[in-house]
Amino acid sequence: PKHPSNNDNDHWTVPTDLTDEKVAQAWFRFLHTIGSPVDLSRPQVISQTPKFLQYAMVSDTDPSSHPCLTSLPTNFLIGIKGISNLVDTFLGIPSDPLVLPEEETKKETPTPPPHRRPAKSFSVSSVSQKGASKSALIGLTGRTMSTTSSSSTPVSSTTMTSISGSWEISSAHTHPLAPARPKCNSLLHLFGEWLFEAAQTGTGLYANPNLTRESSSRRSGSLGSNASDSLESDISISSLATKYQAGRATALAALCRIFCSKKTGEQILPVYYSRFYLVLFHGLKLNEKREVEEPLVSILLNCADLLRLDLDGIQILVPHILDALERVLPDKDLIIRSNVSVAELRRASIHLLLSMLPLPLHFPNLIIKDLLSGMSDKHNPLLFGQLKCRVMNLIINALQVETDAHNTHLLLGGLLVMVQDTASVEKIMNEKNVVQNPVYPPNTQSSDSANSLFVKATYLVCHRLISSWKGDLGISLAALELLCGLANSGIKDIEHVEWERGMKWVCDYIVYQCWRPPQAHSKDLHSSVVAAFTTVSVWIMAHPQLLQNRHCLHNVLEVIELGISGVKSQGKRKDEPLKMKDEKELKPVSMRVRDAAEALLTIVLEHAGYFPSPCGPESVSSLVEESLLLKYSSANSMSSFKYFVLHSSILLALLEDPLGNYQEPQPVVNVILRGGFGRHAWNFQLRQLPRHKSSTNRGRSHSGPGRPIHLNMGPQPHTGHHAFFPENISRIPQCAAERSIPELEGDTSEMSQLLRVQTEAEKDLADTPTKLDRVECTPPGLCAEFQTARLFLSHFGFINKLEGGRCSIVALDSKKEGFFKEIELLDKMEPRTSDTCHVFYVRAGQSHYQDILANVESKELVSNNFLQILGSLGWPINVPGSNQELEENSGSGGGRYSGHKEALYWADSMSQMTFLVPTLKPLPFIRHHHTGNDERSKRQITTYPVFVVWLESLEDHVTFPLEDMITHTGCGQEGWHVQHCTVLFLHALQSGLFRVKLQPSPTRPSVATPLVDGIVVSRTKVGSFVRQTALNICRRKRLDNESYQPPPTRRRLKIQEISTKYEIKGTRADLLTSLFS
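Just so you know, the sequence shown maps onto residues 2 to 1078 in the numbering used here.
To be clear, the hints were calculated from the coordinates, so they are not data collected in a lab.
Keep in mind that this is a model prediction, so the values were computed, not measured.
Watch out, some of these pointers could steer you wrong.
Once the Cα atoms are required to be at most 27 Å apart in a straight line, the calculated DSSO-like pairs of lysine-lysine come out as [as the list claims (entries may be wrong)]: (1) Lys471 / Lys505; (2) Lys816 / Lys829; (3) Lys290 / Lys184; (4) Lys264 / Lys998; (5) Lys588 / Lys575; (6) Lys588 / Lys524; (7) Lys817 / Lys524; (8) Lys643 / Lys902; (9) Lys922 / Lys829; (10) Lys632 / Lys829; (11) Lys575 / Lys471; (12) Lys263 / Lys333; (13) Lys829 / Lys1062; (14) Lys457 / Lys471; (15) Lys471 / Lys569; (16) Lys643 / Lys1062; (17) Lys524 / Lys585; (18) Lys822 / Lys860; (19) Lys816 / Lys575.
Construct the entire structure; sequences and hints are all you get.
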């Protein structure tokens, strides 16, 4: 009576005078009146009924050869389908009835009326024959499942029968289950015996007398007998498997949906677990030809949640599920024996794989007991860790052949989780110096190491990104997000050439996208280029050594040049001449691409290898401002600063003061530079010599450059013999002229007198003091007064004439009212993207927003794992401008990070994110500043709501009060609406892992990686994955918003607004005159 009412006008009419209790009793008794539908799969049972025996006696033929028995597979499917529809009705899954083909319904066969026909007891067949579109029983809504003849539906296999080849299967995991659905035990009490028995049709289990039901007293009117049990063993198992595959698959699907509807904390009887695992084990088996048969397809489609529920003992099926996935996912041309969408089958298989990823990493030494096949090896048991290599290869191979966009997105998210999780586990083991076991070999180059997985993922993703994914924005963004995650995974010992190749491929992707023909350019294409520039920035920040490579730096600068100017200096052909800067016409692909290229250039020049700065990651700007400089300056007012705007995008503040450095008077100017990428402070000093050659470093007072240093390098001594005359002078005959000079051997008294007089004269001259002292040449003293602002602007060429006679700078009047208020607003505008993520804790059964908000006030009301993961989202900071004092133990459950006093914060060189844990007190409006008077700036949406909700019970995600939370946390922000909100639900499993439930926003794009819907992750990395997913969601939202302007652009627009409002009107001569004054 509480089930959804059936509004269609069918032949069922419930008397209005019947109470709900009477309806329930009547339905229950009617259910137990009909016979077992499983008997329809046993021709030997049906042929031994009285009417068939009477027909045999009259016609003198074998009753088992009656032609009507050929319709038993169809009747068996109809009967099991009726049970399946009843199960779906209890679970709240909408569906349509089974529709039989016209040639089957119109066929007339001399079928004798049986004693009690189970198939006829199920009204599905009669309703479908009458063309009804809805239920067969009271309140029954069936599942979408139609059968058509093999001739009407093209199939790929020629050996299919009319039933097995035409049955259309649909997965049920996409439909929400009814919140008030009954427990699994209740459904299994009603339908379990029939479904378990039908699921074993053709397997031979019930041919064993020990497995055959002892009695059929529970089913009134059952056709079972000892004779039928003895005849069952004579039926060929292979023949049954071929004829009754459709009915068996329907029973398996119903059982899978029952067990996958298990609620949090619900208990299921062990006997049902054992029987369910047994039928799954046989359903997952592959035949000798390794064909994908209907039972396997049915299981994969309806068991997507199997490994992400707390089912006792489900681990024993992991190897068998992995075997089935290895058959389905790597096959590019998969042939299945059912009319089911291959994309849906692969999607359900991928969900199973995503829930299997963390098992080999976090339970490496856990033994998987083989209780089903009976082939276990006690000496060499199978461990979860031994499945690691198979899982890695499976996700790589599946991604290699996948063509569906949604499936590719899921695989990319799972691959990123696998890489980062593997790197985290290897890092922990290396830090603890644990002796490596066979699961974790010490060799980082092994096939299942994080290093090897990084290389495989980079090769595969980059190649497919350039070859086949470039036309799909969603896949391109997911692939680029994966590359960003690989760069930040912290994997060591990766060869430098692998980083260079990855960087080269991403740069090639940018070039290819930019050089596509004009008709191919669109918003989505430009969004992919912007995301690729972000990926290059992330790789450079994660590995700054890439810029040391000449070829890598050349590739990066080339794409920056292409993004800013629209062309490259080197054309597509090597024989093309180089284009110089003055020869280019600035035509960027789009303004968004130009902004992204400029941001990458800032990363290369400012942040690569220097982030975080000494100021910390909280700021990429200098903390120095005008008020701080005035504390160390002789000036005492803000009027000492001179303000200029350079190229309409940079605001300069110049202060001509040495800042107390009077011992060394030099031309000094202090510059505070405000641009699109933050605020920077520089101190410029004009010097005659470098500092390391300055005389002040040698302990002497400053006295100018001084004299050149004497090298003390005398002439080289000459060791040769000095001869005044030739050696043969004695052999030369003398002439008369030579005899005219008297010889010295004569009287020398006169000569001696002359020498004595000269010696005394020179001695007297040396003793007499001179009137003029010798003066050393010294340079003149340095000037103490300079026009340093003029020198700075002149030396950098800022006051040179440009085209039209205008300078590249504009002087501003800082004396006007409101000027410094505008400067303050400019400084408050963040140069990085700013996002806010709110975290909630929902106890089991809570649905009112006030009850949920009160949980975080005390740590007794929340889980310890919640507090640990909360701490891994970011680091605590004090909220600026808050003077509130927290009471002791107030907000111990995480509420202290509500944003009133403290908050959790995380930042890198390009983005920053604040994590808030809301309480009953309304949130303050912090960290996001909207400025500007024009209407367009008011419409800018700079942040998007992302909620992270911890659920003690997964079923509570249906009743989460999203609208109330949006109202409580919005604080009047633009764009803070339900249609923009994405919710990440986290649910802790008993195994210590976490299941992720994603509730995307109605507007596109609504999903991102690495956390995709249904994935299971480990506790050690869940905080990092949540942060990455929230950041990627916000990035995708901004890319999709055509009116969005990045923070550097908004800062430049603000500078232009200041320039227009406070510009000093005048000519270039007036500007030069003001600089000289």
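Structure-based check of all given hints:
| no. | hint | in the structure |
| --- | --- | --- |
| 1 | Lys471 / Lys505 | 16 Å, holds |
| 2 | Lys816 / Lys829 | 21 Å, holds |
| 3 | Lys290 / Lys184 | 39 Å, violated |
| 4 | Lys264 / Lys998 | 15 Å, holds |
| 5 | Lys588 / Lys575 | 22 Å, holds |
| 6 | Lys588 / Lys524 | 17 Å, holds |
| 7 | Lys817 / Lys524 | 42 Å, violated |
| 8 | Lys643 / Lys902 | 38 Å, violated |
| 9 | Lys922 / Lys829 | 26 Å, holds |
| 10 | Lys632 / Lys829 | 22 Å, holds |
| 11 | Lys575 / Lys471 | 25 Å, holds |
| 12 | Lys263 / Lys333 | 34 Å, violated |
| 13 | Lys829 / Lys1062 | 19 Å, holds |
| 14 | Lys457 / Lys471 | 19 Å, holds |
| 15 | Lys471 / Lys569 | 21 Å, holds |
| 16 | Lys643 / Lys1062 | 16 Å, holds |
| 17 | Lys524 / Lys585 | 25 Å, holds |
| 18 | Lys822 / Lys860 | 43 Å, violated |
| 19 | Lys816 / Lys575 | 56 Å, violated |
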